Every structure is written in C-alpha cells, then in structure tokens.
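Keeping the supplied structure of chain U fixed, place chain X upon it in accordance with the hints.
So the protein sequences, as listed, match chains U and X. With this note's numbering applied, the first sequence corresponds to residues 1 to 87, in that order. With this note's numbering applied, the second sequence corresponds to residues 88 to 460, in that order.
No wet-lab data here; the hints were simulated from the structure. All figures in this text were calculated on a predicted structure; none of them were measured in a lab. Some hints here could point you the wrong way.
Stated by the list, open to error - With the Cβ distance kept under 7 Å, some of the chain U side facing chain X (calculated, not the full set):
1) Ile11
2) Arg44
3) Glu48
4) Gln49
5) Ser67
Stated by the list, open to error - Straight-line distance between alpha carbons at most 25 Å, and here's what the computed BS3-like set of lysine-lysine pairs gives:
6) Lys42/U / Lys110/X
7) Lys110/X / Lys54/U
8) Lys137/X / Lys110/X
A virtual CB, placed ideally from N, CA and C, is assigned to each residue, including glycine.
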Amino acid sequence: MTRVLIPSQLIAYTGGATRVDAAGATVGAVLDDLDRRFPGLKFRVIDEQDRVRKHMRLFIGQAETRSVAQALGPGDELLIFGALSGG
Amino acid sequence: MTEAIQLLVGTRKGAWIYRSDAKRRTWQVQGPMFLGSIVNHLVLDPRDGKTLLMAASTGHLGPTIFRSTDGGANWAEATTPPAFPKSDDPKARSVDHSFWLEPGHASEPGVWWAGVSPPGLFESRDGGATWASVSGFNDHPNYWDWCPPEAGTPDGALLNQVVIDPRDAAHMYVATSSGGVFESTDRAATWRPLNQNVRCDFLPDPYPEFGQDAHYIALSPTNPDRLWQQNHCGIYRLDRPGERWERIGDAMPRDVGDIGFTVVPHPRFADTAWVWPMDGTDVWPRTSPGGRPAAYRTRDGGQSWERQDKGLPPEQAWITVKRQAFCGDRCEPMGLYFGATNGEIWMSEEGEGWRQIAAHLPEIYSVVAAPIA
Numbered sequence: 001m002t003r004v005l006i007p008s009q010l011i012a013y014t015g016g017a018t019r020v021d022a023a024g025a026t027v028g029a030v031l032d033d034l035d036r037r038f039p040g041l042k043f044r045v046i047d048e049q050d051r052v053r054k055h056m057r058l059f060i061g062q063a064e065t066r067s068v069a070q071a072l073g074p075g076d077e078l079l080i081f082g083a084l085s086g087g
Numbered sequence: 088m089t090e091a092i093q094l095l096v097g098t099r100k101g102a103w104i105y106r107s108d109a110k111r112r113t114w115q116v117q118g119p120m121f122l123g124s125i126v127n128h129l130v131l132d133p134r135d136g137k138t139l140l141m142a143a144s145t146g147h148l149g150p151t152i153f154r155s156t157d158g159g160a161n162w163a164e165a166t167t168p169p170a171f172p173k174s175d176d177p178k179a180r181s182v183d184h185s186f187w188l189e190p191g192h193a194s195e196p197g198v199w200w201a202g203v204s205p206p207g208l209f210e211s212r213d214g215g216a217t218w219a220s221v222s223g224f225n226d227h228p229n230y231w232d233w234c235p236p237e238a239g240t241p242d243g244a245l246l247n248q249v250v251i252d253p254r255d256a257a258h259m260y261v262a263t264s265s266g267g268v269f270e271s272t273d274r275a276a277t278w279r280p281l282n283q284n285v286r287c288d289f290l291p292d293p294y295p296e297f298g299q300d301a302h303y304i305a306l307s308p309t310n311p312d313r314l315w316q317q318n319h320c321g322i323y324r325l326d327r328p329g330e331r332w333e334r335i336g337d338a339m340p341r342d343v344g345d346i347g348f349t350v351v352p353h354p355r356f357a358d359t360a361w362v363w364p365m366d367g368t369d370v371w372p373r374t375s376p377g378g379r380p381a382a383y384r385t386r387d388g389g390q391s392w393e394r395q396d397k398g399l400p401p402e403q404a405w406i407t408v409k410r411q412a413f414c415g416d417r418c419e420p421m422g423l424y425f426g427a428t429n430g431e432i433w434m435s436e437e438g439e440g441w442r443q444i445a446a447h448l449p450e451i452y453s454v455v456a457a458p459i460a
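Chain X with its partners taken away, still in its complex shape:
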C-alpha cells in the first residue's frame, strides 16, 4: 500500500521539501530553505525518521553541513564540517564541496558518511555535528593513482557515493568519478578496486583495474549481493561474490544507448530496475536522447529493457537528470521520481504514466524520497 512520502530536493539555489498525502496525489511544499545555497544532497536518517542532513555551499563560501531535527524548520551547522587534515604538502587537498551523505548502518545510530570533491571519504559519529577524514581511503597508498587531480569531471572529481551492505556494517562500497568502484570489508580501513570488465573508453587501456567513472551504484534491497551500476560507459550488473561486471546496457535500443547517471532498483523485485538514459554521443550533450525523455525498465536483470514515457513531453524536451535526482520509494506500488535541470519534478507508479509534481524550481541536483514518520 502507499503511504505519505516526502521528497527532499536539493538545487543549485536552495532546498525544498514536498510532502504528499497517503495516496501520493497531492503535494505540499516547504521552502525555499537556504535560498541561494548550492545544495548537493538532502537526506533523512531512516534510523530515527527525523534527522535531516544537508550538504551545502554557495558560489562564494566554503562547504558545510547543516542539520535539522524538526523537519527543516530549524537548522544547526556542523561544528566541524568535512575537511582534509592540515598539511604542508603542496598537493594538500581542501574540500570543495560535500556531494553525498549516507546514513550509517542500522546498527550504528548516529554514524553518517560523506563523499566529497576532490574525492574523499568522511565519517561522523555524532549525527553529523563533527566529521573526520577516513584515512583508510583518503590516505591510501594508491590514492593519487585512484584519484588523479587531472581526472576531474566538469564539476570536480568526486567520491560520489557510499553504499553499505545492510547485512554487515563493515562491508562498504564507494563510487568515484576517477577510479571507479572500490570495496572495503573492514569498515573503511582498507579498500580495493572492483571494476573488472567495466569499460573505460577514455583511457588507453579500455578495461583497467581502476580509472572508471562510476556514476551510480545500487544494491538490490531484497538481494544485497546484486549490484547495479550506471557507469560513464554503460549499464552494468554484478552478482557477488562474483568480481566481473556484466554490461547489461548492450540490450538497450541502439538509438538511445546505455549512458546515463542513475540506476534505481525495485524495492522488492531483484530483477527489476530503472535507468534514465542521457545522450552520450560525440560531445556528450547529456540530455534526453532525441529530446524525448523516458525511463527504461528491466524486469529480467538487464536482459531486456522497456521504454516508459507515457505522460512525458513527446519531443523537444532536452532535460538532464543528474545522478542524485532519480529515485524511488518503498511503497506498493512503488513511486518513482525524478527532478530535472529545468526545475521540474515528476512521478509515476512503477514508471507507468508520469505526472508533474512541481515546476519552476532552480536546477535540480538531488531528489530523495523518504516516508513521513
């Protein structure tokens, strides 16, 4: 059955929260919050159902983290935001922006993880008030090979995601824009690349051990041994304990391709997932292929894909859906949501018919769906 949902929306110019009724038919808006601030991610803690963390910066000011425990009415700033250790090394890093916020494992209340640009991993053990550099990744002997400073994406190289195995707090994955996917089995103390068979068509070796641009990874909620990946160079699936990714995007229509930013697994069916293709031809427009936006769904683990565009503009819609702006809830039927760079938010039930929830927002960077406690 459905339940009331809140959509946590981060944009280039502030944050908004949209709250629905129990049928997800009507939506009430709260905001703007921090109007003018760049909000890369706004996330609810599922362990208490009330703590919100926001990764924010502005065009001028440095990055920080804000925290609310009353639904966004009041905010307090982290007393020690993510920051690399002070160093006299001429290559010493400074955090440009926090990009991804991940609540810790269910067994670790108060723990949060953050991925930042330049690529770095940070941990908070007090609900986001203070943050510490995770030396196991940030000071790894191979860090500068995994995260070379010259390999930045247009918005800066990223550690763009932290994923935790729901069965084991010590088993973690991170995704980066310059090194691909890395795995830790000792709670972030040590890391190793996990990129076998993932293509890298912008390096001399097309299948390197690391160097890939892992736009997004996701575990199937009902089978955490199944990883989905939307990579810069295709859609992939990996079934653990396997090590070799399979390019399942080859089954996508040739005129659409398998480039995009996000993959969203179904909350109950491990063979079902959605992607949102972006144009990856010639100069990489990263707009909807042909100006015709659509989700594509697989229900057989990526062997086949079906187009889902009912309700969306049929032509001349050159929108971009960024990696944190396509998501689902856990209802039955599942609500699927995307925010676009043109400031629109749309939803559907399982991809079957899209309807617009909001328009005229600033460029949308992230949309996170969470139940209303």
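Chain U with its partners taken away, still in its complex shape:
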C-alpha cells in the first residue's frame, strides 16, 4: 500500500481525509485505486490523455514526477499538491 497525501482541493472527495492508503505499482495505478473509492478524484488531477494537469504537482517522496507510469516502491509516499496559483 502507498500512503497518499491529499491536498485541500481534493478532501471533498475523501470525506475530509488528508492521508489515505491506496494500492498500485505505479502512480497511475494508485490513482485508479483512489478513484474507485473516491469517484471523480483522478480526473481532477490527471486528464484524459494521462497527463498531470497543469496546476497539479505529484511527488514521490522528495522527487517530482509528471508521469503516471512512474513506478512506486515499497514504503514510497505519493504526495499530491495544488501548485501555487494566482488570485
């Protein structure tokens, strides 16, 4: 299982939870698992071409990734952030 940090923009989907666990060997698989439990969440983060949306940022630990194919290892944590944006 991967521990996933949920940003404030998405806690309406997770019932307010800011950390949830999800299964999957890649970023995309983890997001798919999250989407099964919290329908609609993935599409707000990843577009229909599997691209990370422009103002969202994903990190595995300290390393940023823009690929849903990025593999996750044991103990990895996936952090989802809303990027800094204007008013």
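Chain X in isolation, oriented as in the chain U frame:
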C-alpha cells in the same frame, strides 16, 4: 404577466442563485455554492423545471459537471464528465473546461449538450451523469482547420454555444471562437460552416468560409428562422433559408460601435433584440464604451438602435459584460438581466430603467434567467 424568476449565476469563484417574488421586486439569495470553483455556466432543465447542471473547474483541478435536482441544495458529480477519447496522437486534446451547457430538444428528455475548450461538442443522454464525445464535430475531417490550436482566445479557444431548432431536434447550430458558426441538419452527425458575409478583420481574407469568432448566436423564439449573431467583428442577422448574414451593427452609433459579446432576442417580437456594446477599439479594452454602460435595443430587425441606460452609472463605469452574462426571461413585460465583471447584477423591464439586484459578487461569468417551477 410576470412570474417568479430565478437567476442562475456562475462566477470565477462559485455559484449563486437569486430568486424573486412574482413581481420581480425582491430577491432572495442562495449561495455561495462551490465557493472558489470557476463556474462557467449554471443551467436549469426547462423540460422538468428542477434539474440544474453546472460546468465547474478550479484553478488547480480539472473540469467537471455537477448536477442537482433539489434546487441546488445537494449536488452529485458526473460519473463521466466531458473528455476527449484517449489517443497516442501528440496533438491529443484534453478538456480544459466546459463552457456551455444546453438542454436537449423538448422531445428528448435527459439529453444535454456541452461545448468545451478546446473546441469540442459533447452529449449526455442521462441527464448529465455521463458524457460522450460527439464524433461528427470533434473528429470531423476539417476539425483542425476549423479549430486551429494557435487560434485560441485569451481564455482558450471555445465551442462556446449549442443552439437547437425548437421545431427539429436534428437541426443544430454551434458557435466557435476560431471557426465561426456551423450547422447540422442530421443531429450533429455532419457539420458545415455558416459564415457567409461575416467579417474577419484579423485574417488575410476578411470574409473567409470559416475562421470567424462567433461570440454569441440566438434564434428568435417566435421565428426560429431568424438568427442573431454578436460576432467579434460586428452584429449580424440571418433569415433562413438564407445563407448570407447581414451586418445590422452598421446602424449602431459610430462612437459606440457594434462590438460586444451577446445578443438577446425578445421572447415575443421577432424584430426586437438587445446587445450590450463593448469597446473594440485599438487594443480591445472590452469595457463599456466611454465608461458609460448601456444596452441597445432594435425593434426593426437591426435597421435602427436606441440606447437604454436609465439608472446605470452615467460615467466612469468600466465594466465588462461577458457573453453568458446578459439574458432575458419570458415574462410580460420581459425582464432583462446582466451580470458584470465587477460582481454586480442589474435588471430592467424591456431595458426601460435599470436597477441593481446584487453587488460584491466575484467576477460574473454567466447569468441565466429561468422561471421558478
């Protein structure tokens, strides 16, 4: 006679609903709903009088559609929002935002259409829960000529409107910001440009077959063969089966011009319509010309226009009224409403004297007037 009206207001920071008494004198507000979300359009289904659909996104999150059947008290998200098909093509499109929501023909309950950015047409057959790409437009062989990626407007190129002939569910028009107006007579299976004589002063050919920026089109409710168009380059009228638009904005005062975003036809008189001029000079400020906001009404099909600004600020009011933020109801007398980028909503009866309904809202993107069931 008048009846109670609800104004469905979409803003850059959420949605509100204003509900009036039967005389439209007092208004009660509900909201904010989805505070912080970008709401491009909030629309009531006239076929059941209760279903609301909302086109929403946020500064961070991707676009979606929300649905309510209890007047906006509770909302459910579309399980499959508008999305282009997955593709390995490097030009593969993804929906940036849904912009326009159109209830389907009266004979097709549950059908909705959506226009999105980048330009795309989507259909729902289950009341907005799931959406499918309309291949007849989105995969048309001429799509990339009609909707070139480099022709985006500042907020992104749009399929900004879907209009359905009330006499025939198969007869449809769409308006786009990069190709102009297109018509289908086979329920969106095939499309052709409908832009004859519409000026395009930003292309080498000023009267191309397509390439125009059709800000807004509307059918006259009492004569659906009459189309009005507020274009990026003027105000036009087309009487079908004619194919050639007539520039009726030439009759507008020269110091006001005929640039704007919206045209609102009268619900009963086919020769009557309103426009809301915006400054289209030099760098295109798109504010009220001279800082003096006003509606202009024609009652003779566009041969002449009269200014209607009673009650509005007489000077230093540099507001912008966007294309989805000027509308009318179907009462007698007709209520005319606009929302401005400064967060104010105003109304008048047939344009004769304006009064403010609301202020201090976020930047207003859309105002839709609908009867309260």
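Against the structure, the hints come out as follows:
The beta carbon of Ile11/U is not positioned within 7 Å of any beta carbon in chain X (closest approach about 12 Å), and the interface hint is therefore violated. For Arg44/U, the shortest C-beta to C-beta distance to chain X is roughly 4 Å, which falls under 7 Å, so the interface hint holds. Hint status for Glu48/U: holds, given a least beta-carbon distance of 4 Å to chain X, under 7 Å. For Gln49/U, the shortest C-beta to C-beta distance to chain X is roughly 5 Å, which falls under 7 Å, so the interface hint holds.
With its C-beta approaching chain X no nearer than about 15 Å, Ser67/U sits outside the 7 Å limit, and its interface hint is violated. For the suggested pair Lys42/U and Lys110/X, the alpha carbons sit about 46 Å apart, so the restraint of at most 25 Å is broken. Pair hint Lys110/X plus Lys54/U does not hold up; C-alpha atoms about 47 Å apart against a cutoff of 25 Å. The suggested pairing of Lys137/X with Lys110/X holds, with an alpha-carbon distance near 21 Å, which does not exceed 25 Å.
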